[in-house]
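Chemist: Positions -23 to -1, 1 to 280 (mature numbering (1 follows the signal peptide of the UniProt record, and there is no 0)) are the ones given, in order, by the sequence shown.
Since the hints were made in silico from the structure, they are not lab data.
One should not assume that every hint holds.
To be verified - The list that follows gives simulated cross-link-like pairs (lysine-lysine, DSSO-like), each with its CA atoms no further than 27 Å apart: (1) Lys93 x Lys36; (2) Lys101 x Lys276; (3) Lys71 x Lys83; (4) Lys78 x Lys101; (5) Lys101 x Lys42; (6) Lys78 x Lys93; (7) Lys277 x Lys160; (8) Lys182 x Lys277; (9) Lys182 x Lys253; (10) Lys101 x Lys83; (11) Lys160 x Lys276; (12) Lys42 x Lys160; (13) Lys101 x Lys71; (14) Lys93 x Lys42; (15) Lys182 x Lys160; (16) Lys36 x Lys101; (17) Lys253 x Lys42; (18) Lys276 x Lys182; (19) Lys93 x Lys83.
As the list claims (entries may be wrong) - Restraint-style ranges between C-beta atoms, simulated for each label pair: (20) Gly75 x Arg35: 19 to 27 Å; (21) Asp229 x Lys78: 53 to 61 Å; (22) Asp98 x Ile5: 24 to 32 Å; (23) Gly75 x Glu47: 19 to 27 Å; (24) Lys71 x Arg151: 47 to 55 Å; (25) Tyr255 x Leu22: 40 to 48 Å; (26) Arg163 x Glu74: 42 to 50 Å; (27) Asp98 x Gly234: 45 to 53 Å; (28) Asp89 x Leu24: 22 to 30 Å; (29) Glu74 x Ala183: 48 to 56 Å; (30) Arg35 x Glu219: 35 to 43 Å; (31) Glu74 x Lys182: 50 to 58 Å.
For every residue, glycine included, the Cβ atom is placed at its ideal position computed from N, Cα and C.
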Amino acid sequence: MEHMKSVVSVLAFLALLSPRVHGLRRTIHTEFNPVPFASAERICLELGGHLSSFVPSRKFFEELKEHGLEEVWVGGVTGSNVARWFWLNGDPPKALEGLPKPPSPKYCLKADSRGKVVPHDCHKELPFGCEAANGAESEVNVLELMAGLLLKNLPTPVADNNCPPGWSRFALGRSCFRVFHEKSFRDAEIFCNSFDAHLASIHSKAEHDFVVDLASDGFPKAYPIDMTWIGGYSFRGNDVYEWTDGTPWDYDLFAPGEPNHQGTEKCINIYTDHEKPYLRNLWNNLSCGHPLKNFVCKKKERS
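Kindly generate the complete structure, drawing on both the sequences and the hints.
Modeler: What follows is the structure, encoded as structure tokens:
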């Protein structure tokens, strides 16, 4: 009986959600790179939202499974003197009433692919989704303010050698990298710009291998879902390539026969998970409008 109380099925969980949550919110970002709870919420805040207050879609979990993961953060938090759960977005906590009391203030909420929502150590690292209100942003309410204060009580993860939470440092280039998913070249560059970053430029074999390690999930795939955008492009209609961050073009690692079709295929990607070993991790040029499986952003580390 106690075990039954410790989980909430996806159907019961969704049924309890208020109409404001389920009907007037939308997913604005999904992130497969695991980070601690506080880092996940701060990333969502940067994007103008909060951690999702609902269990992600089946499609999200299917993609998650491809990365060898099965659980995600959801936006519930507690505090040291408050033995109850709160939504970070300020929604009424009615949907959380069936959950057990928080074991300690170091616990947040996670969900798995079966829809079970349970407390989980906030220091652990999980993927997550961000949500935002549809239409005009509503004013911050009392519950949202309280949840925000509770979040501040969580230990802040130490940045990885001058990189923001969720970013990975490449020491040789004094740069920070992060992988995001499913955008065209242009939209990916715009998205990177929102983090004061650009699509990744690559200037050495060591940096190339670092980017590949970040972007590859280790599961070979058929063209075209095996590719990762980086920041190389040629908009002059010839074989002269540039980086979106303006750094010199001093390294490349094109696959045999590439680049080709320069008149129509002007943007550069890496075959990070190509099913054919002789092409895997080599570069290719492609029409810029394709939404590839992922892309890599790069920014300078903080001094």
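Chemist: Against the structure shown, which of the earlier numbered hints fail to hold, in ascending order?
Modeler: Violated: none.
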